[in-house]
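Asks: One-letter residues, chain by chain:
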Amino acid sequence: MAKVVVVTSGKGGVGKTTSTAALGAALAQHGQNVVVVDFDVGLRNLDLVMGAERRVVYDLINVTQGIAKLPQALIRDKRLERLALLPASQTRDKDALTEEGVSRVINSLKQMFDWVICDSPAGIERGATLAMRFADTAIIVTNPEVSSVRDSDRIIGILDAKTVKAERGERVDKHLLISRYDPARAARGEMLSIEDVLEILSTPLLGIIPESEEVLRASNLGSPVTFNNPSSAPARAYLDAARRLMGEEVEMTIPTEKQGFLGKLFGRRAA
Amino acid sequence: MTSVANPRQSPRFVCRSYMAVALAPEPPLVDWIADIEQKIRDTGSFLVGPPVVLDLSSVKLSKSAIAHLVAQLEQRGVRVMGVENVDPSQMDTALPPLLRSTKRESADVSVPAPKARETQREKQQQVRETRSAPATLLLDKPVRSGQSIYFPDGDVTVLGSVGSGAELVAGGSIHVYGTLRGRAMAGSNGNARARIFCTKIEAELLAIDGHYLTADLMDMALRDRPVQAWLEGSALKISALD
Amino acid sequence: MNLFNFFKRQGTAPVARDRLQILLAYERGSTRGAPDLLAILREEILTAVGRHVQIDSNRVNVRVDRGEKVSTLEVDIEIPNAVRMAPRRKRAVPMQRSAS
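Chains as they are written, first to last, in my numbering: chain W, 1 to 271; chain P, 1001 to 1242; chain D, 2001 to 2100.
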């Protein structure tokens, strides 16, 4: 049975799109059939992060309006054959999305894939509520920083109220993904600790993604970080998180960049 | 948004009491309205939405002046559901219903009333009162930012934390077995004996019977500790429980 | 990460710039009303083919790749051998599962 996952946060700029691409790719790398769906109508970005921006023909709105068939709008990843993207429309606005349309598309995608991962826009408006509407599982991306944590708390409340599952009296599975975590700054007390964030949000942890230039590098190249450099710290964190999402028990660690042979030779360039 | 009604059965008919916020205008009215406007700006939605009763004991107003005042408030989003402490001759059907006409000394309704007032009180149907055996609303999940719990009928107990930006309004006391980060308003139906308890305080605002303290006025030494808050006269006091 | 990658590490920003330039050139055109050549070609090709055969929209696959100097448009239309079939021969095609 396919799982519908929403990647959400409330606040913008915390790493939703990066995380959607990385987790989607990680699941595909673990052998799952995955589609990532961009719900940020009018401000799409998932295509760019996935490196598919030149290949967009049709989009989510075209499909909900019947202008294109779903298989025509899906863009297969060139590197990972189990990974596909359904892009958002860049020219329309969010009102073009209807609940019925989204419901139909999600149901069709569930027949075709093991995982349907919805990349939510920031905010709590229509696009965000529609992205979470049909979710079985929610991944709340949070930065260890006060405004992000508060917005996450708000989003968790909305997940418990406005999803189809919640309205049926069932529970949306919720997981916290802490991104842009900087262990050095946390040690100096300049950043909320993992314990603080978990205590405030009382939601189980899916993973901790360390702040890393690898993320920027991957997005520059249009390649999910888990694929672009699988041994990098954020890639390992995402790969582990994907395994936890699949139900595996994986010990929670904060991966750090390993100093490779060359790294030692040339000294700490990154530090 | 949760509000659990607790209808009390009676063999003949059912009486219900509702919580309302009482506003007592003071002359000059223009300044008073400006103050109210400021208050709405400061406290957000507190006055906007829930029903409001106008206590006109401190002002002497003509029929048209009352109508004007009601309209002024409505313009600012404050819905007047009733008027009290005004001469019935000043009322007509176009105005909100008169809830009680007799003049009485101002403001509070809920402090255990002197015997003399008791009989008069029993006659009133729309009296805001403290319950002898208050109902309790038990929430077994954290209250998240943006959620508002409104329970005028009694105590609210939360097993979990109350997030920053969340709001609890209880007619009785508030108990939070977790961290209180949002706003807690106890005794909202005029119960000055209501208290607020929490196992860890980081609250944005505490209020009992309309007397409030914002975070910046709270003693920093109490932050992160288990505390209780109560009312002494019109001063909100907070002390550690540990 | 191999040795080659290591020395190339500095080089991601130019790639990002190139990708954005191509994308924005196209998006600026399409949002300011300038026609998107690939979209026009796509529609005209489908119309032209549609004049001769009945096209089952489930059997059309369009791929584009927008490049800096050259873009490619691939219109993949499955044409049944018995041209102008009776409507009942139209096949309802089940959605395909994942990687094909």
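Please keep in mind that the hints were generated in silico from the structure rather than gathered at the bench. Where is the CB? At the ideal position from N, CA and C, for every residue including glycine. Among the hints, erroneous ones may be present.
To be verified - Per the computed footprint, the stretches of chain W lying under chain P, defined by three or more beta-carbons under 8 Å from a beta-carbon of chain P, are:
#1 199–210
#2 218–228
What the hints assert, rightly or not - Just a sample of chain W residues kept apart from chain P, beta carbon distances all over 12 Å, derived:
#3 G10
#4 D95
#5 E100
#6 S147
#7 M252
Claimed, not checked - On the chain D side, residues computed to face chain W include the following (Cβ under 10 Å):
#8 L2023
#9 I2040
#10 R2042
#11 G2050
#12 R2051
#13 V2060
#14 V2062
#15 R2063
#16 V2064
#17 E2078
#18 P2080
Asks: Take the hints in turn and mark each one as holding or not.
Replies: Consistency of the hints with the structure:
Under the rule that three or more residues need a Cβ within less than 8 Å of chain P, the assignment of the stretch 199–210 of chain W holds, with 3 such residues. Beta-carbon proximity to chain P at under 8 Å applies to 0 residues in the stretch 218–228 of chain W; the threshold of 3 is not reached and the given coverage is violated. Against chain P, the non-interface label of G10 (chain W) is violated: not every CB pair exceeds 12 Å, the least being about 9 Å. At the 12 Å boundary, the C-beta of D95 (chain W) stays outside the reach of chain P, the nearest C-beta of that chain being 23 Å off.
The beta carbon of E100 (chain W) is kept farther than 12 Å from every beta carbon of chain P, the shortest such distance being approximately 27 Å. Distance check for S147 (chain W) against chain P: the nearest CB is about 10 Å away, which does not clear 12 Å, and the non-interface claim fails. Non-interface call for M252 (chain W) relative to chain P: holds, since the shortest CB-CB distance, roughly 22 Å, exceeds 12 Å. Here the hint on L2023 (chain D) is kept, as its CB sits about 5 Å from the closest CB of chain W, short of 10 Å.
Hint on I2040 (chain D) is violated. Least Cβ distance to chain W is approximately 13 Å, over the 10 Å limit. The interface hint given for R2042 (chain D) holds, since its Cβ lies 8 Å from the closest Cβ of chain W, which is under the 10 Å cut-off. Look at G2050 (chain D): its Cβ only gets to about 16 Å from chain W, farther than 10 Å, so that hint breaks. Because the beta carbon of R2051 (chain D) sits about 21 Å from the nearest beta carbon in chain W, more than 10 Å, this interface hint is broken.
A distance limit of 10 Å between C-beta atoms decides the matter here; for V2060 (chain D) the minimum to chain W is near 7 Å, and the interface restraint holds. Interface restraint check for V2062 (chain D): the shortest CB-CB distance to chain W comes to about 5 Å, inside 10 Å, so the restraint holds. For R2063 (chain D), the shortest C-beta to C-beta distance to chain W is roughly 7 Å, which falls under 10 Å, so the interface hint holds. A cut of 10 Å between beta carbons decides the hint on V2064 (chain D): the least distance to chain W is about 6 Å, and the hint holds.
For E2078 (chain D), the suggested interface contact is broken, since its CB lies about 12 Å from the closest CB of chain W, more than 10 Å. With its C-beta approaching chain W no nearer than about 17 Å, P2080 (chain D) sits outside the 10 Å limit, and its interface hint is violated.
Violation of the numbered hints given earlier is confined to hints 2, 3, 6, 9, 11, 12, 17, 18; the remaining hints are satisfied by the structure.
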